[in-house]
Structures are given as structure tokens and as C-alpha cells.
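**Student:** So the chains spell out like this:
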Amino acid sequence: MLDRRRNTSIKTSIFAHCVIAFLVVPTLMVIPISFNDNQYLKFPPTDLSLRWYEEFWSNPDWLRATWTSLLTACTVTVLATVLGTMAALGLSRMVGPGKKLLIGLIISPLIVPTVSLALALYFFFAKLHMVGTWVAVILGQTVLALPFTVLNVHGSLQSFPATLERAASTLGAGPVTTFFRITMPIIRPGIVAGALFAFLVSFDEFIIALFLAGPGMTTLPVQMWNTMQLYISPTIAAVSSMITGITILAFVLMTAFGRRSKAK
Amino acid sequence: MAKLSLTNIWKTYGGAQAVRGVSLEVESGEFVSFLGPSGSGKTTTLSMVAGFISPTGGNIRIDGRDITNVPPHQRNIGMVFQDYSLFPHMNVAQNVAFPLAMRSVDKADSARRVSDVMEIVGLHGMGQRLPIELSGGQQQRVAIARAIVYQPQILLMDEPLGALDRLLRERLQLEIKQIQKRLGITTLYVTHDQGEALTMSDRVCVFNDGEIAQVGSPVSLYERPESRFIAGFVGESNFLSATVEDCVRCGDGWQCLLVLECSAKAKVLASQPFSAGTQLTASIRPEHIRLCSVDCAEDANTVFVTAKVNDVVYRGETSTLRGQLESGAEISARATVTDVARFTGETVRLRWPTDKIVLLNK
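Protein chains in written order, with the working numbering: chain E, 408 to 671; chain X, 65 to 426.
Because the hints were derived from the structure by calculation, they are not lab data.
Among the hints, erroneous ones may be present.
[What the hints assert, rightly or not] Anything over 10 angstroms on all C-beta distances counts as not near chain X; from chain E, calculated:
id: 1; residue: Pro467
id: 2; residue: Thr473
id: 3; residue: Pro628
[To be verified] Derived pair list, reagent style SDA-like, types lysine to any residue, alpha-carbon separation capped at 25 angstroms:
id: 4; chain 1: X; residue 1: Lys67; chain 2: X; residue 2: Asn155
id: 5; chain 1: X; residue 1: Lys67; chain 2: X; residue 2: Lys171
id: 6; chain 1: X; residue 1: Lys67; chain 2: X; residue 2: Gly79
id: 7; chain 1: X; residue 1: Lys329; chain 2: X; residue 2: Leu423
id: 8; chain 1: E; residue 1: Lys534; chain 2: E; residue 2: Lys507
id: 9; chain 1: X; residue 1: Lys372; chain 2: X; residue 2: Ala340
id: 10; chain 1: E; residue 1: Lys506; chain 2: X; residue 2: Glu183
id: 11; chain 1: X; residue 1: Lys329; chain 2: X; residue 2: Ala340
id: 12; chain 1: X; residue 1: Lys329; chain 2: X; residue 2: Leu389
id: 13; chain 1: E; residue 1: Lys449; chain 2: E; residue 2: Ile417
id: 14; chain 1: X; residue 1: Lys171; chain 2: X; residue 2: Asn155
id: 15; chain 1: X; residue 1: Lys420; chain 2: X; residue 2: Tyr286
id: 16; chain 1: X; residue 1: Lys372; chain 2: X; residue 2: Thr411
id: 17; chain 1: X; residue 1: Lys171; chain 2: E; residue 2: Val583
id: 18; chain 1: X; residue 1: Lys171; chain 2: X; residue 2: Pro152
id: 19; chain 1: X; residue 1: Lys420; chain 2: X; residue 2: Ala393
id: 20; chain 1: X; residue 1: Lys331; chain 2: X; residue 2: His352
id: 21; chain 1: X; residue 1: Lys67; chain 2: E; residue 2: Arg573
id: 22; chain 1: X; residue 1: Lys331; chain 2: X; residue 2: Thr408
id: 23; chain 1: E; residue 1: Lys506; chain 2: X; residue 2: Gly79
id: 24; chain 1: X; residue 1: Lys420; chain 2: X; residue 2: Ala277
id: 25; chain 1: E; residue 1: Lys506; chain 2: X; residue 2: Ile117
id: 26; chain 1: X; residue 1: Lys171; chain 2: E; residue 2: Met436
id: 27; chain 1: X; residue 1: Lys171; chain 2: E; residue 2: Thr584
id: 28; chain 1: X; residue 1: Lys171; chain 2: E; residue 2: Phe586
id: 29; chain 1: X; residue 1: Lys420; chain 2: X; residue 2: Val401
id: 30; chain 1: X; residue 1: Lys329; chain 2: X; residue 2: Thr411
id: 31; chain 1: E; residue 1: Lys506; chain 2: E; residue 2: Arg573
id: 32; chain 1: E; residue 1: Lys506; chain 2: X; residue 2: Glu390
id: 33; chain 1: X; residue 1: Lys329; chain 2: X; residue 2: Glu410
id: 34; chain 1: E; residue 1: Lys449; chain 2: E; residue 2: Met436
id: 35; chain 1: E; residue 1: Lys534; chain 2: E; residue 2: Gly621
id: 36; chain 1: E; residue 1: Lys506; chain 2: X; residue 2: Tyr77
id: 37; chain 1: E; residue 1: Lys506; chain 2: X; residue 2: Ala80
id: 38; chain 1: E; residue 1: Lys507; chain 2: X; residue 2: Tyr77
Predicted, not measured: the structure shown is a model, and the values here were computed from it.
A virtual CB, placed ideally from N, CA and C, is assigned to each residue, including glycine.
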């Protein structure tokens, strides 16, 4: 009996590890490739070199694209976090069937294929003569990032006792003070998680940026795409490695933050 | 310290009437309890005084100032909740100082007042603890400290002891009462525990079905209930149907001769005359009904009945006999002797003084 259980657990464990490897290994493959001296994407690497990283940091096109991406992602993060938190606060106070409908509408960008959304946004902004503007990219990506902030903040509001806000109001705190002094400190983990997701959604986002961005507003994923159109350079591998690194770092920080606030 | 008046307060949700025409004057420094079954409108009324919900009709005044449409944070009230509602991300001292910070009290003054009030609630030196590190009783003391530190005009308490065990509850009842007396703060206290209401209050306001059923001192509620609901809700009562045979003038009131359903007769004082044949309800508390031995003396001021004892419930200092009269009416009596279990299944005589009968409309 005991043996069989041990066998099962070993088999399960092997299977689970295979699945994890399948998910992670292709992504991690680019890291050794990026340090390869060879000018073709080759695995395993023949000689170690940092030339593709140097190529990235010395090319003004790559640097400009990185800067554009960071600026866009930060703006989207702020917009999506503020709007998402306000929406979540409103939703948490709602009752009745309207609430489910509204949540469904807000998370619909997660369900609709991004290409369809990008196309719809393209025609919408075309009517407003805004295609090719930075504002259009920002708004488009905010639509995509909003579900993450709303769901995260709404989730942390589920365990937030409503009487705390009532208590604060009897003690003399108005609604705005109550939000900043009581509600926000308590739901901060949800807000931070939502903001991080929003940042990553925008930083990775390709289709909307491709459809709506004008010349001179090339974001990093679009720059990668453009480069690959011409020739496959290992610089792509270097960029991918750096983006992956930043993403992992962001999640590690978030986990550490979550643990700290839980311990508190 | 302030006077609170509620004038004809209504609250309706769609078609449902949660509170129906509640009017109440609470004197400065008075402790008034709202007692009632759940859904009777007591918490809804308290929430309207707090400002969490606005009344459909009527108005609320503190010292003559109309606050009906003033938001809660501008009302200068203090409130203690059943779930304590302490801010989990602030320590005890920060929690208690919060209302002072909202009133821009300077740091030194605030620290002094926090320390004073912590002394009052018996939590001196616990300022640096987080709420989760305290027991339920301590958390509720912090909540009380936080609600009184800024000397609000009115203190509202919504079943503050509901989540605590019985011994702690009784201790805190006395402490809250002492603090309230010492500070002379006008207090509204919601509870569904009648013992708590009777112990702590200057006046008890009993709610039923969205209305005030009766307001009065604990003694008047218990000894002079005005309706069957009050007689049954505040303490226990036996109800026997009674028919008026005759009423005669007697001093300030009237003396009526009644025939109770067990065919016993009783002369009872009433504040108004009833015409012969009027059907009333005679209400008697179980503790006024005594067992009597076979030869107990007849007396004009005592009602005697025979009852078959169905069962005896032992309750420590007293036992409750539950029996049935010949008419079929249930009756329960309190016995202070301990060996009454032997009467189970037997027929006994019960007696009670006629002046303990309260007459109620049918």
C-alpha cells in the first residue's frame, strides 16, 4: 500500500516536472544563446561573449525603443491602477445583477482576441484622428491592463471589513481621508500586484502598439519584430533575456513584498 | 454630553418598512438600550443616528441641531461595533489617537489624552501592541477607548459584547456602565440580550416590528409591561385568559373581579374600569408562582390553582416546574427548593398573590 503510494507520487512528480520543464525551458534557452559569440542563433553556444548585449546598449534605435516602452508602461500602470482601484471600490459596494455584468465588461479584453481588440481600437481611434498618437497606444494598453488591476484590488477588498470604513467615518474621517488612511494601506498588496501586472502587460504588449503607434514611437516588442523582419540577430536573444530577467525580478519583489505585509 | 431627539423616524426599503414612526427623547447623560428581536428595527434606528443610512422620513437632533442629513464624520458621535472594527495596520495607541488626529489635536495633547483613556479602560501600557495581539475583550476595550477619547456628544454601541463569552460579558457590562456614568456621556446601546439591557440601562426601549413597543425604566418594563409582547419578551410570563365579572372604584383606580381560565377568582387593581364580560389576559411571572402544600391557608389575596406537573428543569439556584392546568393552559413556576423533581407527573397546588397579576389586553 505504502509502496504503491510512493510509486504514484514518484510518477506524478516526474510528470509534473516534465510539464514545468516544457513551460520554462524554451524561454530560458534564449539566455545561453544570447551569450553566444556566433552571429546565428545557435544552441549550445560555441564561444561565450557579451557582444550582443554591447550591440543593444550601443544602438540608439534599441535604446529609444526601451525608453519608449518604459515610459508607456509606467503611464499605463498609473492610469490602470488609479482607474482599476476606483472601479474595484465601486464594484465592491455594488449588489445585484448589474455587478456581474459590469465585471464581465471590464474583464472582456482578457477574453476577446487581442487582434480583434486592436482592430476595433484602430477603427475607433481612426474616427477620432488619433491613430499614430502616443495617447492612443496608452489608452489601448490601459484597456488591456485594466482587468488585472480591477481583479486584484477587488480580490483584496473581499476580505476588507466594511465596518472599518464606517468606524473611520464615526471617528471623524471623511471619505477621502478614510481611503488614504484606512482602506488603501490594508488593500495595498492587491493594488501593488495589480500595478505590477499592468506594467508587465504594457511592457510586453505588441499587437496594440503595432497597430496604433506612429513612427518614432516604436516600443521594445515592436522594435524586436521590426528587427526580425530584416534578419535574425542574436541581439533579439539578448533583449529577450533582459526582459525575462526584469519580469522575474518584478515577481520576486512582489512575492517578497506580499510576504512582508502578511508577516506584518 | 448632549440631548438626542428622534422625531417620527421612518425607514422603508422598497415596500418593506424597517422602521415605522419612531420617536424618542434621550436626556443628556442618559443610558438608553434598544432591545428587540432581530429584524425589529433597533440596529436600523441606530444606523440612522450614526448616519450610515438616511431616514425616509422624520428628523434627528443633537442638542437641537438637526443632523438628519449630516454625514457621519461631521456628527461628532462615537461608535463601538460588535466586531471591534479596530484598524489592523495601526497599533493600539495609533487606533485610539486616530479620532484626535482627525480633529487636528496637537501631538503632546493627543498623547496625554490617549494615555488617560487607556488608563480608564484598563489597558495602560498596551499602546504599542497590534490589535491582533489582543484578546477579544481587550480589543473591545480599545474600541471603547477610541470611541470616547474625543468626548463625542453621543456614544453608540451596537451589540458590543455579542462576541464575548458570558463571564467577560458580565464584567464588561459593569465596566462600560461605570465609564459611562463617570464621563456622563449620552449613550444608545443596542442589544438583543434582555439581561444586559436591564442591568445597564437607565431606560430600555423595546422594539418590535419596526416600532417602539414600550419605553421605560428596567423596573417599569419588567413589572408593568403594557403588552403581551413585552411581558413575554422581557423576562418570562404565564398568560391566562381572564373574564371581567365586575369593577368597582377603589382609591385612585379600580378593583376588578376576574374569573381566570382555571375558574379561580381574583381581585385585581386596574387603572381603568372594564365592563363586565370583557376578555383580558392575566400575566404572571413564573417566580411569583409558588408550590403550596395541601393545607396552605386560603386567602382572599392569593390565587390557588391545581396543575399537573409535566416536567421539572433543574437550574441550580432554582428549578422550573412546567405543568398544565385543568383548562389545558401551560403554566410554569419557579421553585427555590431543590428537591422538586419528585413532583414530576403529580398534581400539585400552585398559588400566587393577586397583586402580581398584570392585566393586558387580549
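**Student:** Work down the list of hints and note, for each, if the structure agrees.
**Tutor:** Status of each hint after checking the structure:
1. Pro467: holds, 47 angstroms
2. Thr473: holds, 37 angstroms
3. Pro628: Per Cβ check, E/Pro628 is outside 10 angstroms of chain X; nearest 39 angstroms; holds.
4. X/Lys67 <-> X/Asn155: Violated. X/Lys67 to X/Asn155 sits at ~33 angstroms, over the 25 angstroms cutoff.
5. X/Lys67 <-> X/Lys171: Not OK: X/Lys67 and X/Lys171 at ~31 angstroms, beyond 25 angstroms, violated.
6. X/Lys67 <-> X/Gly79: violated, 32 angstroms
7. X/Lys329 <-> X/Leu423: holds, 14 angstroms
8. E/Lys534 <-> E/Lys507: violated, 31 angstroms
9. X/Lys372 <-> X/Ala340: violated, 31 angstroms
10. E/Lys506 <-> X/Glu183: Given that 25 angstroms is the threshold and the Cα spacing comes to 47 angstroms, the pair is violated.
11. X/Lys329 <-> X/Ala340: holds, 14 angstroms
12. X/Lys329 <-> X/Leu389: Since the Cα atoms of X/Lys329 and X/Leu389 sit roughly 15 angstroms apart, the hinted pair holds (cutoff 25 angstroms).
13. E/Lys449 <-> E/Ile417: Outside the cut-off at roughly 35 angstroms; violated.
14. X/Lys171 <-> X/Asn155: holds, 16 angstroms
15. X/Lys420 <-> X/Tyr286: Holds, because 12 angstroms separates the two Cα atoms, which is no more than 25 angstroms.
16. X/Lys372 <-> X/Thr411: This hinted pair holds, its Cα atoms lying about 4 angstroms apart.
17. X/Lys171 <-> E/Val583: holds, 22 angstroms
18. X/Lys171 <-> X/Pro152: holds, 22 angstroms
19. X/Lys420 <-> X/Ala393: Holds, at roughly 19 angstroms.
20. X/Lys331 <-> X/His352: Holds, at roughly 16 angstroms.
21. X/Lys67 <-> E/Arg573: At roughly 23 angstroms apart (the allowed maximum being 25 angstroms), E/Arg573 and X/Lys67 satisfy the hint.
22. X/Lys331 <-> X/Thr408: violated, 31 angstroms
23. E/Lys506 <-> X/Gly79: Judged against 25 angstroms, a Cα distance of about 23 angstroms means the pair holds.
24. X/Lys420 <-> X/Ala277: holds, 22 angstroms
25. E/Lys506 <-> X/Ile117: holds, 21 angstroms
26. X/Lys171 <-> E/Met436: With a Cα-Cα distance of about 59 angstroms, the restraint between X/Lys171 and E/Met436 is violated, given a limit of 25 angstroms.
27. X/Lys171 <-> E/Thr584: holds, 19 angstroms
28. X/Lys171 <-> E/Phe586: holds, 23 angstroms
29. X/Lys420 <-> X/Val401: Given that 25 angstroms is the threshold and the Cα spacing comes to 21 angstroms, the pair holds.
30. X/Lys329 <-> X/Thr411: Roughly 20 angstroms separates the two Cα atoms, so the pair holds.
31. E/Lys506 <-> E/Arg573: holds, 22 angstroms
32. E/Lys506 <-> X/Glu390: violated, 61 angstroms
33. X/Lys329 <-> X/Glu410: Holds - the C-alpha atoms of X/Glu410 and X/Lys329 are around 24 angstroms apart, at most 25 angstroms.
34. E/Lys449 <-> E/Met436: holds, 10 angstroms
35. E/Lys534 <-> E/Gly621: holds, 16 angstroms
36. E/Lys506 <-> X/Tyr77: holds, 20 angstroms
37. E/Lys506 <-> X/Ala80: Holds, at about 23 angstroms.
38. E/Lys507 <-> X/Tyr77: Given pair E/Lys507, X/Tyr77 holds - Cα atoms ~23 angstroms apart, limit 25 angstroms.
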